[in-house]
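J.: These protein sequences, in sequence, are chains A and B. Here the numbering used here is used: the first residue of the first sequence is 1, the next is one more, and so on. Here the numbering used here is used: the first residue of the second sequence is 1001, the next is one more, and so on.
Calculated directly from the structure, the hints in this document are not laboratory data. Any given hint could be a false lead.
As the list claims (entries may be wrong) - DSS-like, lysine-lysine: derived pairs with alpha carbons at most 25 Å apart:
| id | chain 1 | residue 1 | chain 2 | residue 2 |
| --- | --- | --- | --- | --- |
| 1 | A | LYS26 | B | LYS1042 |
| 2 | B | LYS1042 | A | LYS13 |
| 3 | B | LYS1068 | B | LYS1001 |
On a predicted model such as this, the values are computed, not experimentally measured, just so you know.
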Amino acid sequence: DAGVTQSPTHLIKTRGQQVTLRCSPKSGHDTVSWYQQALGQGPQFIFQYYEEEERQRGNFPDRFSGHQFPNYSSELNVNALLLGDSALYLCASSLAEAEYEQYFGPGTRLTVT
Amino acid sequence: KQEVTQIPAALSVPEGENLVLNCSFTDSAIYNLQWFRQDPGKGLTSLLLIQSSQREQTSGRLNASLDKSSGRSTLYIAASQPGDSATYLCAVGSDRGSTLGRLYFGRGTQLTVWP
């Protein structure tokens, strides 16, 4: 049973560019949440997708957007990258009726130069 | 807004010691509390999940307790080993309507166990 997968593993971008990160949920899961973890900090909630719609959003600017596909996979898009966007981006999946049991992927390390 | 605090921020101990990591949270409207392990540069591995109606959970050498009314949880690690070296994160799942199911994390305790 495949767990949560994320791609790419690492990414280096220049300030002002745009980036897309991808997540495939654990088999059978229908809800995907994204978290940002800056160095030395705990993960911070970005948003959550269910049934292809954003169900909740944390305190992040509109430069952060997402999408969920019919197969439940998800993308996180960040526009106009800032140096402060450098972080580990974690994807977590869960079942809508058991949304509190979240399973995390290995993360994508984004470096903005 | 839920605030999660972990003490200590870092801990360095010799192999074999029993350890206690502390976590506190400000809003008692939680659905559950989860302890995670994170190795450097890696994702999160769930260690223990305690539902809000439970008092503790055990897995091997790990025991986690929850006192929801006082907003506290402890993770007890028995007979520590060098392989336990990692950052331990505490996360609470919100039970409030607008943030239902969202996880709030502490900054973690960085544990080093030396031989």
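J.: Hints broken by the structure, by number, lowest first?
T.: none
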